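Colleague: Residue numbers (my numbering), protein chains in the order written: chain A, 1 to 72; chain B, 73 to 236.
Hint data in this document are derived by calculation from the structure and do not stem from the laboratory.
Do not take every clue at face value.
[Claimed, not checked] Using C-beta positions, here's what the derived DEER-type ranges look like:
hint: 1; chain 1: B; residue 1: Ala222; chain 2: A; residue 2: Arg44; range: 41 to 49 Å
hint: 2; chain 1: A; residue 1: Ile51; chain 2: B; residue 2: Ser159; range: 18 to 26 Å
hint: 3; chain 1: B; residue 1: Asp89; chain 2: A; residue 2: Glu46; range: 33 to 41 Å
[As the list claims (entries may be wrong)] The list that follows gives simulated cross-link-like pairs (lysine-lysine, DSS-like), each with its CA atoms no further than 30 Å apart:
hint: 4; chain 1: B; residue 1: Lys144; chain 2: B; residue 2: Lys133
hint: 5; chain 1: B; residue 1: Lys193; chain 2: A; residue 2: Lys28
hint: 6; chain 1: A; residue 1: Lys35; chain 2: B; residue 2: Lys189
hint: 7; chain 1: A; residue 1: Lys28; chain 2: B; residue 2: Lys108
hint: 8; chain 1: B; residue 1: Lys178; chain 2: B; residue 2: Lys133
hint: 9; chain 1: B; residue 1: Lys189; chain 2: B; residue 2: Lys208
Here the structure is a predicted model, which is why all the values come from computation and not from measurement.
All residues carry an ideal CB built from backbone N, CA and C; glycine is no exception.
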Amino acid sequence: MYYIAFIIALLLLSGCTDKLVRVMPYEKEHFADPKMSLSPLEERAEHEGHIFLIRESSAGGDSSFQGGCGCR
Amino acid sequence: MKKIILMIALSLSVYADVLVGDKAVDFNLNSLDESKSFKQSDFKGQVVLLNLWASWCSGCKKEMPEFFKLQKEYKSGFKIVTVSIDSDPSASQKFLQSVEQEVGFKTPFITLYDSEKLLPKTYGAVAMPSSYLIDKQGIIQAVIVGSLSADEIEELKKEINKLK
Numbered sequence: 001m002y003y004i005a006f007i008i009a010l011l012l013l014s015g016c017t018d019k020l021v022r023v024m025p026y027e028k029e030h031f032a033d034p035k036m037s038l039s040p041l042e043e044r045a046e047h048e049g050h051i052f053l054i055r056e057s058s059a060g061g062d063s064s065f066q067g068g069c070g071c072r
Numbered sequence: 073m074k075k076i077i078l079m080i081a082l083s084l085s086v087y088a089d090v091l092v093g094d095k096a097v098d099f100n101l102n103s104l105d106e107s108k109s110f111k112q113s114d115f116k117g118q119v120v121l122l123n124l125w126a127s128w129c130s131g132c133k134k135e136m137p138e139f140f141k142l143q144k145e146y147k148s149g150f151k152i153v154t155v156s157i158d159s160d161p162s163a164s165q166k167f168l169q170s171v172e173q174e175v176g177f178k179t180p181f182i183t184l185y186d187s188e189k190l191l192p193k194t195y196g197a198v199a200m201p202s203s204y205l206i207d208k209q210g211i212i213q214a215v216i217v218g219s220l221s222a223d224e225i226e227e228l229k230k231e232i233n234k235l236k
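Only chain A is shown next, with the shape it has when bound in the complex (with noise of 0.2 Å):
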């Protein structure tokens, strides 16, 4: 009997293995995609992430060049 409620536990808990319960590296296909950005249109996000940054007087201004000053 003890057997038999080792071999159930142990297979649910092989179910929560991160290879079960992960989207896999190569099942990211759609992930991929460019629909599937928050932001479609990535230049105008990194552009408004700039303009945010300046206006928040934050040091550094995100990735763009030349953070800080507005200038490009």
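Place chain B on chain A using the hints.
Modeller: Just chain B, lined up with the frame of chain A:
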């Protein structure tokens, strides 16, 4: 008792990844143009770089031109076998055509097509792209996770020359 051992083995099998020193997984896949089918055993006696890629993977775009140049350098004893896991084979063909235009010559290696993603599943690929350096006896000598830069390809060449 035998049943318990079998069940434990089955439960743990989901963790099994291919590691250095393991035998390369055998496969039977068609080429991307569906002209021929290939098995892992077809490449026995040659050093093989098995590369898993997809047209939607940015790292694959970066390293593919380097693989074109690498294969061009080796006339014999070393083969690059790339496996596309795209859902749509035409996307893979377009991808290769764009690389061909970039480097200025035709694809110099075999490209297989695995729409079922059987190879990445069996190999337990933890990243895209993933590459496996396989020796003449069909034993995995290196597992390369992610894309290779030109400098890393130089290091890889030393390994290939050792195995040749």
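Colleague: If you test the structure against every hint from before, which numbers come out violated?
Modeller: As far as the earlier hints go, 1, 2 are violated by this structure, in ascending order.
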